[in-house]
Amino acid sequence: MLEIGVDTGGTFTDFIYRKESGWGVLKVLSTSGDPGQAVLKGIDLIAPGKDFRIVHGSTVATNALLERKGAKTALITNKGFEDILEIGRQNRLKLYSLTYKNEPPVIRGDYCFGIPGRITAQGEEDEPLNLEACEAVIQRMLELEVDSVAVSLLFSFLNPKHEIIMGQMLSNAGFSYSLSHEIIAEFREYERTSTIAINSYVKPLMEKYINSLSKATGENNFSIMQSNGGQISSSTAGKEPVRTILSGPAGGVVGAQMLGRICGIERIITLDMGGTSTDVCLIDRSLPVNYEGEISGYPLKVPMIHIHTVGAGGGSIASLDTGGALKVGPESAGANPGPICYGNGKEITVTDANMNLGRLRPEHFLGGNMKIFPQRIKPFLEEMARYAGLGADQLAEGICTVTNSAMERAVRVISVERGYDTRDFTLFSFGGAGGMHAVFLARLLQIPKVLIPRDPGTLSAFGMLMANVLRDYSLTVKLKVSDPGVHKRLLEELMNLKQKGLEDLVEEGYPEERIIFESFLDMRYRGQSYEITVPFKEKYEEEFRKKHLDLYGYENRDRDVEIITLRLRARVFRGEIDIPEEEVKTNKLSPGAFLGQADVVFSSKKWSTNLFDRSRLRYGNSIEGPAIILEYSSTTVVPPQALLKVDSIGNLIIHSGG
Amino acid sequence: MDFNPVLLEVFKNRLSSIAEEMGVVLYRTAFSPNIKERRDFSCALFQGDGELIAQAAHIPVHLGSMPMSVKAILQNIKLHEGDMAFLNDPFQGGTHLPDITIVAPVFTGNGAADFFVACRAHHSDVGGMAAGSMPLATSIFQEGLIIPPVKIVRKGEIIEDVMNIVLRNVRTPEERKGDFASQIMANNVGIKRLAEVTKKYGLETVKFYSQKLIDYAEEMTRVTIRRIPDGVYEYIDYLDDDGQGTEDIPLEVKITIFDDEMEIDFQKSSQEVAGGVNAVYAITVSAVLYVISALGEERIPKNSGCLRPLRIVTQSGSVLHAEFPAAVAAGNVETSQRIVDVLLGALSRALPEIIPAASQGTMNNVTIGGWDGFRNIHFTYYETIGGGTGASKEEDGANALHSHMTNTMNTPAEALEFDYPLRVESYHVRRGSGGTGNRRGGDGIVRELRLLTDAHVNVLSERRKYPPYGLSGGEPGSPGKNIIIRDGQEMIKPGKFSASLLKGDILRIETPGGGGFGKKQ
Numbered sequence: 013m014l015e016i017g018v019d020t021g022g023t024f025t026d027f028i029y030r031k032e033s034g035w036g037v038l039k040v041l042s043t044s045g046d047p048g049q050a051v052l053k054g055i056d057l058i059a060p061g062k063d064f065r066i067v068h069g070s071t072v073a074t075n076a077l078l079e080r081k082g083a084k085t086a087l088i089t090n091k092g093f094e095d096i097l098e099i100g101r102q103n104r105l106k107l108y109s110l111t112y113k114n115e116p117p118v119i120r121g122d123y124c125f126g127i128p129g130r131i132t133a134q135g136e137e138d139e140p141l142n143l144e145a146c147e148a149v150i151q152r153m154l155e156l157e158v159d160s161v162a163v164s165l166l167f168s169f170l171n172p173k174h175e176i177i178m179g180q181m182l183s184n185a186g187f188s189y190s191l192s193h194e195i196i197a198e199f200r201e202y203e204r205t206s207t208i209a210i211n212s213y214v215k216p217l218m219e220k221y222i223n224s225l226s227k228a229t230g231e232n233n234f235s236i237m238q239s240n241g242g243q244i245s246s247s248t249a250g251k252e253p254v255r256t257i258l259s260g261p262a263g264g265v266v267g268a269q270m271l272g273r274i275c276g277i278e279r280i281i282t283l284d285m286g287g288t289s290t291d292v293c294l295i296d297r298s299l300p301v302n303y304e305g306e307i308s309g310y311p312l313k314v315p316m317i318h319i320h321t322v323g324a325g326g327g328s329i330a331s332l333d334t335g336g337a338l339k340v341g342p343e344s345a346g347a348n349p350g351p352i353c354y355g356n357g358k359e360i361t362v363t364d365a366n367m368n369l370g371r372l373r374p375e376h377f378l379g380g381n382m383k384i385f386p387q388r389i390k391p392f393l394e395e396m397a398r399y400a401g402l403g404a405d406q407l408a409e410g411i412c413t414v415t416n417s418a419m420e421r422a423v424r425v426i427s428v429e430r431g432y433d434t435r436d437f438t439l440f441s442f443g444g445a446g447g448m449h450a451v452f453l454a455r456l457l458q459i460p461k462v463l464i465p466r467d468p469g470t471l472s473a474f475g476m477l478m479a480n481v482l483r484d485y486s487l488t489v490k491l492k493v494s495d496p497g498v499h500k501r502l503l504e505e506l507m508n509l510k511q512k513g514l515e516d517l518v519e520e521g522y523p524e525e526r527i528i529f530e531s532f533l534d535m536r537y538r539g540q541s542y543e544i545t546v547p548f549k550e551k552y553e554e555e556f557r558k559k560h561l562d563l564y565g566y567e568n569r570d571r572d573v574e575i576i577t578l579r580l581r582a583r584v585f586r587g588e589i590d591i592p593e594e595e596v597k598t599n600k601l602s603p604g605a606f607l608g609q610a611d612v613v614f615s616s617k618k619w620s621t622n623l624f625d626r627s628r629l630r631y632g633n634s635i636e637g638p639a640i641i642l643e644y645s646s647t648t649v650v651p652p653q654a655l656l657k658v659d660s661i662g663n664l665i666i667h668s669g670g
Numbered sequence: 179m180d181f182n183p184v185l186l187e188v189f190k191n192r193l194s195s196i197a198e199e200m201g202v203v204l205y206r207t208a209f210s211p212n213i214k215e216r217r218d219f220s221c222a223l224f225q226g227d228g229e230l231i232a233q234a235a236h237i238p239v240h241l242g243s244m245p246m247s248v249k250a251i252l253q254n255i256k257l258h259e260g261d262m263a264f265l266n267d268p269f270q271g272g273t274h275l276p277d278i279t280i281v282a283p284v285f286t287g288n289g290a291a292d293f294f295v296a297c298r299a300h301h302s303d304v305g306g307m308a309a310g311s312m313p314l315a316t317s318i319f320q321e322g323l324i325i326p327p328v329k330i331v332r333k334g335e336i337i338e339d340v341m342n343i344v345l346r347n348v349r350t351p352e353e354r355k356g357d358f359a360s361q362i363m364a365n366n367v368g369i370k371r372l373a374e375v376t377k378k379y380g381l382e383t384v385k386f387y388s389q390k391l392i393d394y395a396e397e398m399t400r401v402t403i404r405r406i407p408d409g410v411y412e413y414i415d416y417l418d419d420d421g422q423g424t425e426d427i428p429l430e431v432k433i434t435i436f437d438d439e440m441e442i443d444f445q446k447s448s449q450e451v452a453g454g455v456n457a458v459y460a461i462t463v464s465a466v467l468y469v470i471s472a473l474g475e476e477r478i479p480k481n482s483g484c485l486r487p488l489r490i491v492t493q494s495g496s497v498l499h500a501e502f503p504a505a506v507a508a509g510n511v512e513t514s515q516r517i518v519d520v521l522l523g524a525l526s527r528a529l530p531e532i533i534p535a536a537s538q539g540t541m542n543n544v545t546i547g548g549w550d551g552f553r554n555i556h557f558t559y560y561e562t563i564g565g566g567t568g569a570s571k572e573e574d575g576a577n578a579l580h581s582h583m584t585n586t587m588n589t590p591a592e593a594l595e596f597d598y599p600l601r602v603e604s605y606h607v608r609r610g611s612g613g614t615g616n617r618r619g620g621d622g623i624v625r626e627l628r629l630l631t632d633a634h635v636n637v638l639s640e641r642r643k644y645p646p647y648g649l650s651g652g653e654p655g656s657p658g659k660n661i662i663i664r665d666g667q668e669m670i671k672p673g674k675f676s677a678s679l680l681k682g683d684i685l686r687i688e689t690p691g692g693g694g695f696g697k698k699q
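Residue numbers (the numbering used here), protein chains in the order written: chain L, 13 to 670; chain W, 179 to 699.
Do not take every clue at face value.
In the SDA-like style, the derived pairs of lysine to any residue whose C-alpha atoms are separated by at most 20 Å in a straight line are [unchecked claim]:
#1 L:Lys600 - L:Ile661
#2 W:Lys378 - L:Asp436
#3 L:Lys490 - W:Asp597
#4 W:Lys681 - L:Thr132
#5 W:Lys377 - L:Arg455
#6 W:Lys571 - L:Thr111
#7 W:Lys355 - L:Thr111
#8 L:Lys492 - W:Ile555
#9 W:Lys370 - L:Ile426
#10 W:Lys446 - W:Arg527
#11 W:Lys378 - L:Val428
#12 L:Lys106 - W:Gly474
#13 L:Lys113 - W:Ile532
#14 W:Lys370 - L:Arg435
#15 L:Lys91 - W:Lys378
#16 L:Lys492 - W:Gly551
#17 W:Lys355 - L:Arg569
#18 W:Lys370 - L:Tyr542
#19 W:Lys370 - L:Glu429
#20 L:Lys91 - W:Leu630
#21 L:Lys559 - W:Asn366
#22 W:Lys377 - L:Val428
#23 W:Lys378 - L:Glu429
#24 L:Lys91 - W:Arg628
#25 W:Lys355 - L:Arg435
Don't read these hints as lab results, they were simulated from the structure.
Could you build the full structure based on these sequences and the hints that come with them?
Structure, rendered in structure tokens:
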């Protein structure tokens, strides 16, 4: 069976698949109105009439939310809490704005209904569900022609009785619905309700997309990438689309992890520098998981890879502010007008700065297929340089320095501030613009080595293809470690979760013996509000105290420890990865690899710099900085004192030096 | 040393991220709901002379007062490497007693402290006549334990003798102990990071650019003021009462703008009153800095430079410059909001296109304390409630949001019911409470808490009488209401009250709506 990874992007839909000898890659223009068209076209080209299975990074749910094109959705919650989505946490995201407003909720106020009936914090029914009120709400929703219903009741994770009754009534009335305890059985009602609301909001669209793809490809032969870096069956994705909403950047990170593993590199900081922003992520053997995140101001309580984003990319605009500081971003020139050197822009971007310094080569930009106007940059740059009291080249280098400093800050948040020493990691750069900044960033953080993979543009599709099957389950238990019978209770609950995981995955067709379970506990000192997740092993309390010490610098021997949430992850491993290696190691450059020389500025000085064609570099080639490596969609800068080596699978490994 | 705009931005990034990282350590490990859930704290870095370099954007009410803490400690104590000092005395660098500030010096091998780091956090109890230490008092001695600037850490070790005095004077000592540990750790992170930065760039460079950052903030603030037309702008508004019988307390301001300087004269405001709505000078400064920050660009660092173009004139012994031993607990949370209202009211005459009508103008402080028979512990629960924000020329106000001097989060109902003998009956938008107008003021909130045990309730709120004003012909927002419901009977309570309630009683708080803008068409 042919396996294909498919990544739907804004411009291209990327395909990657196994061939007899190695890997095949295909790019098809994306069809934004109906993204499935591009997917089907690619499959037709790769596997006409053959058996295949695809793993798909879909942006359907994300776009439905960001563009506000979801279904007509209603919320059912407890009486008195109808405005839960509107109130949120009653705080503002900007402290000093006089006219601040939160994003309006995805469900309108007049589509939010409260029903009498309460479960207590002990999971007991304090007030039965008012069935008449339920009926009345159902009638009203029929009149309103609601397409999708979110149900989120207080303490449903302790006792789901009321949500289950509600679900049956909704099912009888023919509604599509989601129940909060089925997707996230965790406490903190606003975050849970927000998650369920978004799930219901995007669900009808996702189901439609999956059904139409299934019709064309046959059922049960495609999976969808989730925000947690694993894949799930298309049918689960249809029911729980909220799990896919932040899956976009996950593919690249999983790709980096998988490729890193092949190269024997297990501690990685990824750098995905795009046009308007840069994503960074720290992989310490396993992927970092967050159990809560947000998208355009809405909290999402589903497991996701912890990726940190900073508003600085190749298109970020540089300017001098009124106080005289040089600022870069978050405003971006975008695709239109784009950087000055693309022909229309009038504001200096990071790309222009790199072009001015000679680090970007106009004659090789996108393989020489795009006309570039480097001479346009100078007048703009010189004008700003005069104001700044700097030389033009000095300013251009300054723009790169400020950009690097913004990225440094982002990396510090995920590394140093979490107790990691950056010197133990490899910087793995795969976005279009990252190769020009990676070594400089590595030096700022004392990262010894930079890796730039072969075909950096398809790393995301590769990650999807290689991703494990992952399903996450959770339950808020809120127990004290010192309570009698805690361990037994945890094991019982864990068994229930395992049973559910087993049923789900066996139903999806995975053999029981290939399913691996991992369990975790979210713990905190009694009285704290933030939990630390530790593996659920015998010495979990010790583990928690140690991790608290590592992260925050102290432990508290006298204080009781609480277990808040029990987590289970069910995983099905994919097969081993087989990437063909070059066998012959050579220090000799192939003919055509050397493209000539150019003047490039480093540390305010012009250096005569060698240019190379990446596609002609071979295993064992070694290049001293300064050098520039060119390929179709990206450029790698090797500054003076850095040393580049090509490894046996075509990765560029740069020893950052300096 | 030559100035370089590139390095200025690099240091701005680096130094403010240190203050932010200190904050993360603090809220993730703290025990007081005020710190961990409501984020009522601040972290900052200072020069060796006590000038503020960078403060993380946590809560505006601490803006002006953090430097006064450091200066109070500099004047009183000699700190050596590994030492830390703390204080909460509102008349020596503090704000109100629950806000405890811990200051630590940073040495880089010069024998003298090159920098200071500090963090302030609102502890949930510091003793005094009522649980939560925000009582209806008439003197600071009733409000809780007063900590003057004293050493709390010597050579890396907590001074147990001092700590024991504090712990013996508060209702929830275990929680205090945990919060102090969090604050000390936050300072340690700040010390460590500052040392790393100095090692990398050299002490002289770091000092040079921290000075430049202060100059930079000054310049940006001057640009902000230059955008306000020159002139004299006045406004008067009133506090409802002080909870001790004095009503209609005037706060009056006269703002004079001349080119890039601004004089803010509060001398016509009321004298000190008996109840705790008195604000110490630091609070008044914070409110002014908040307004300046809100008018300026977002990227202006919050540091000592922002103050240089300002002249703030108060009369000592007044409600906006209280003197020892006045009661001041509500100055921080309530009066600070009204100072912002009068400042914005005055500026609306200069900048009618930009300045919005009044927001709810209160924090609606609710403290509930008593014996929790389910868990067999003494409990103190404190929360603040959002309300409507004011409409502006172009936009309606926002519903159900914290405004101006506070930005604290709510406690989730599920978190609250897990830990306290309370049940949230209702938490919804108070529809129709925003002032009408061409643009509507935002609506307030209705929150109902049912007591599952007998308990003592203490409420500090404002804008129950004087509603949040509208502008340009817009109507004011509805004033708030405090209600106790016992056996179905509603009892209206005043803006500031203290009461012993019974199991089953419901405390219902209706928060004010924001003012409207422009005549309704």
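Check the hint pairing L:Lys106 with W:Gly474 against an upper bound of 20 Å on the C-alpha distance. Holds, because 13 Å separates the two Cα atoms, which is no more than 20 Å.
Below or equal to 20 Å on CA atoms is what counts here, so check W:Lys355 against L:Arg435. violated, 35 Å
Is the straight-line distance between the alpha-carbon of W:Lys355 and that of L:Thr111 20 Å or less? Violated - the C-alpha atoms of L:Thr111 and W:Lys355 are around 39 Å apart, more than 20 Å.
Against the 20 Å threshold, does the CA-CA distance of L:Lys91 and W:Leu630 hold or violate the hint? Given pair L:Lys91, W:Leu630 holds - Cα atoms ~19 Å apart, limit 20 Å.
Compare the distance between the alpha carbons of L:Lys492 and W:Ile555 with 20 Å, and conclude whether the hinted pair is satisfied. Holds, because 15 Å separates the two Cα atoms, which is no more than 20 Å.
Given the hinted pair W:Lys370 and L:Ile426, is their Cα-Cα distance within 20 Å? Judged against 20 Å, a Cα distance of about 17 Å means the pair holds.
Does the structure keep W:Lys377 and L:Val428 at a Cα separation of 20 Å or less? Judged against 20 Å, a Cα distance of about 16 Å means the pair holds.
Within a Cα-Cα threshold of 20 Å, do L:Lys600 and L:Ile661 meet the stated pairing? holds, 17 Å
CA of L:Lys113 to CA of W:Ile532, is that 20 Å or under? Given pair L:Lys113, W:Ile532 holds - Cα atoms ~15 Å apart, limit 20 Å.
Holds or violated: W:Lys571 and L:Thr111, Cα atoms, limit 20 Å. holds, 10 Å
W:Lys370 and L:Arg435: Cα distance at most 20 Å? holds, 18 Å
Hey, W:Lys377 versus L:Arg455, does the alpha-carbon distance stay inside 20 Å? holds, 15 Å
Hints 7, 15, 18 and 25 from the list above are not met by this structure, while the remaining hints are.
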